[in-house]
Amino acid sequence: MTAGVTLEDVLVPQPDVHVVALGDEKVIFVPRDETLQRLDPLASIVWDCLLPAAPLADIATDLAEAFGADRQQVSTDLLRLAADLLDSGALVRAGDAAELPPDA
Amino acid sequence: MTPTATALAFRALDYRFEVHCPDTGLAGRVADIYRDLADPAPQPDDHRARYELALDAAGDMWTLHCDGADVLGPATGPRVLANLLWHVNAQTTQHRMPGHVVLHAAAAVWGDRAVVLPAPMESGKTTTVTGLLLAGFGYLTDEAAAVCVDDLHVEPFAKSLSVDDGSWPVLSMLEQLDAGGMPTQWQIPVSSLPSSRLAARTRVGTLVLPQYVAGSTTALEPLPRAGALMDLCASTFRFLEEPQRHLDALARLCREVPAYRLTIGSLAEAVDLVRDLMEAP
Numbered sequence: 066m067t068a069g070v071t072l073e074d075v076l077v078p079q080p081d082v083h084v085v086a087l088g089d090e091k092v093i094f095v096p097r098d099e100t101l102q103r104l105d106p107l108a109s110i111v112w113d114c115l116l117p118a119a120p121l122a123d124i125a126t127d128l129a130e131a132f133g134a135d136r137q138q139v140s141t142d143l144l145r146l147a148a149d150l151l152d153s154g155a156l157v158r159a160g161d162a163a164e165l166p167p168d169a
Numbered sequence: 068m069t070p071t072a073t074a075l076a077f078r079a080l081d082y083r084f085e086v087h088c089p090d091t092g093l094a095g096r097v098a099d100i101y102r103d104l105a106d107p108a109p110q111p112d113d114h115r116a117r118y119e120l121a122l123d124a125a126g127d128m129w130t131l132h133c134d135g136a137d138v139l140g141p142a143t144g145p146r147v148l149a150n151l152l153w154h155v156n157a158q159t160t161q162h163r164m165p166g167h168v169v170l171h172a173a174a175a176v177w178g179d180r181a182v183v184l185p186a187p188m189e190s191g192k193t194t195t196v197t198g199l200l201l202a203g204f205g206y207l208t209d210e211a212a213a214v215c216v217d218d219l220h221v222e223p224f225a226k227s228l229s230v231d232d233g234s235w236p237v238l239s240m241l242e243q244l245d246a247g248g249m250p251t252q253w254q255i256p257v258s259s260l261p262s263s264r265l266a267a268r269t270r271v272g273t274l275v276l277p278q279y280v281a282g283s284t285t286a287l288e289p290l291p292r293a294g295a296l297m298d299l300c301a302s303t304f305r306f307l308e309e310p311q312r313h314l315d316a317l318a319r320l321c322r323e324v325p326a327y328r329l330t331i332g333s334l335a336e337a338v339d340l341v342r343d344l345m346e347a348p
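Just so you know, the protein sequences line up as chains A and B, in that order.
Converting from the first sequence to the working numbering requires adding 65 to each position, the first position being numbered 1.
Converting from the second sequence to the working numbering requires adding 67 to each position, the first position being numbered 1.
Just to be clear, a hint being listed does not mean it is correct.
To be verified - Incomplete in silico selection of chain A near chain B, CB under 8 Å: (1) Pro80; (2) His83; (3) Val85; (4) Leu87; (5) Glu90; (6) Val92; (7) Phe94; (8) Leu101.
Stated by the list, open to error - Restraint ranges, calculated between C-beta atoms of paired labels, are given here: (9) A:Asp105 to B:Gly166: 31 to 37 Å; (10) A:Leu116 to B:Pro325: 27 to 33 Å; (11) B:Asp137 to A:Thr100: 32 to 38 Å; (12) B:Asp343 to A:Asp127: 43 to 49 Å.
Calculated directly from the structure, the hints in this document are not laboratory data.
For each residue, glycine too, the CB sits at the ideal point set by N, CA and C.
Use the sequences and the hints to build the structure in full.
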């Protein structure tokens with residue numbers, strides 16, 4: 066697992082990842098290692114929250130408020146999911162994404 | 068079709084090809100195997116791949132060329148025939164079909180709807196679709212289901228059923244219809260099956276993902292759409308060349324068509340389950 070993902074990190078989808086929504090789930094294809102991943106409804110919501118490029122802390126706060134959930138628990142779950150998606154190449158740190166060539 | 072030593076013209080999905088063979092015996096087998104793909108009206112300006120099967124000077128070994136390039140040789144008659152079939156299948160599934168996604172799948176028709184059976188090799192596609200044909204379904208393909216993205220119809224690809232020796236015991240009644248004479252696989256032209264029916268392009272009604280598991284209980288279970296999409300992606304030819312187009316098209320298919328996983332322990336029970344599914348309102 067990728068170490069060091071914190072609530073201060075800003076993670077965004079890797080520019081060359083392909084995504085399709087099916088109901089409240091998503092399927093993503095990561096060209097880097099030619100893998101498919103299925104995002105359950107909650108992970109799909111998180112994915113959508115990543116698009117405006119906000120720190121994970123802000124996303125955790127928004128999700129906790131939206132679902133009336135404990136922010137600490139949401140933060141823990143969010144960090145685990147973010148680390149998994151970062152490991153798989155589906156997400157990248159915002160600064161790293163900016164360094165990719167336009168056609169990457 | 069009359070066996071002939073001259074050119075035989077065929078069409079497999081959008082792949083047009085002709086086979087030249089100097090031996091009437093082997094040419095006759097090729098004609099029989101591909102009888103349901105015979106191109107009824109080949110146009111002079113169609114591009115057709117040109118296969119040539121040539122016999123060596125000693126008259127016992129063959130070579131196979133496609134558009135002048137070596138494919139195989141020297142080899143025995145059965146081996147050169149197997150390689151011709153393999154090469155045509157590979158070219159057919161790799162041939163670009165604008166407006167379609169091509170699934171590694173069998174497909175058959177009941178009423179006005181098609182059941183598409185996507186699966187990896189050795190999962191039971193051909194055996195399952197053969198069982199369906201013997202139960203009265205119409206035939207679309209046992210290998211590649213080309214689905215039109217606009218109207219979700221499956222195009223017919225009526226190649227002969229390629230029945231591997233592992234399925235011979237359960238389909239033993241077909242042995243006499245083998246047109247290939249190869250050691251480990253029968254080639255069964257579907258039009259030679261009693262009461263067979265070659266189906267025209269037909270809208271997809273159901274997706275059934277088969278998996279043969281020896282000794283298992285035959286069962287059909289609904290698949291969540293995202294799960295079905297994952298399996299379809301893995302069974303799509305040329306997926307990597309256009310991932311987003313394929314994802315979008317397959318997602319539409321999964322939104323509009325129910326999907327099931329079929330675990331097959333008994334062919335007869337599997338056929339009954341699929342027929343019941345197709346007859347359900």
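Hints, one by one, checked against the model:
1. Pro80: violated, 13 Å
2. His83: Since chain B brings a Cβ to about 4 Å from His83 (chain A), closer than 8 Å, the hint holds.
3. Val85: At 4 Å from the nearest chain B Cβ, Val85 (chain A) passes the 8 Å test, so the hint holds.
4. Leu87: This hint holds: Leu87 (chain A) lies near chain B, its Cβ roughly 5 Å from the closest one there, short of 8 Å.
5. Glu90: Because about 4 Å separates Glu90 (chain A) from the closest Cβ in chain B, which is inside the 8 Å limit, the hint holds.
6. Val92: The hint holds - Val92 (chain A) has a Cβ within 8 Å of chain B, the shortest such distance being about 5 Å.
7. Phe94: holds, 5 Å
8. Leu101: Where the cut-off is 8 Å and the nearest Cβ of chain B is about 5 Å from Leu101 (chain A), the hint holds.
9. A:Asp105 to B:Gly166: 31 to 37 Å: Roughly 32 Å apart at Cβ, these two residues keep to the hinted range, so it holds.
10. A:Leu116 to B:Pro325: 27 to 33 Å: Because 31 Å falls inside the window, the suggested range holds.
11. B:Asp137 to A:Thr100: 32 to 38 Å: Given a distance of about 36 Å, which is inside 32 to 38 Å, the answer is holds.
12. B:Asp343 to A:Asp127: 43 to 49 Å: At 47 Å between Cβs, range holds.
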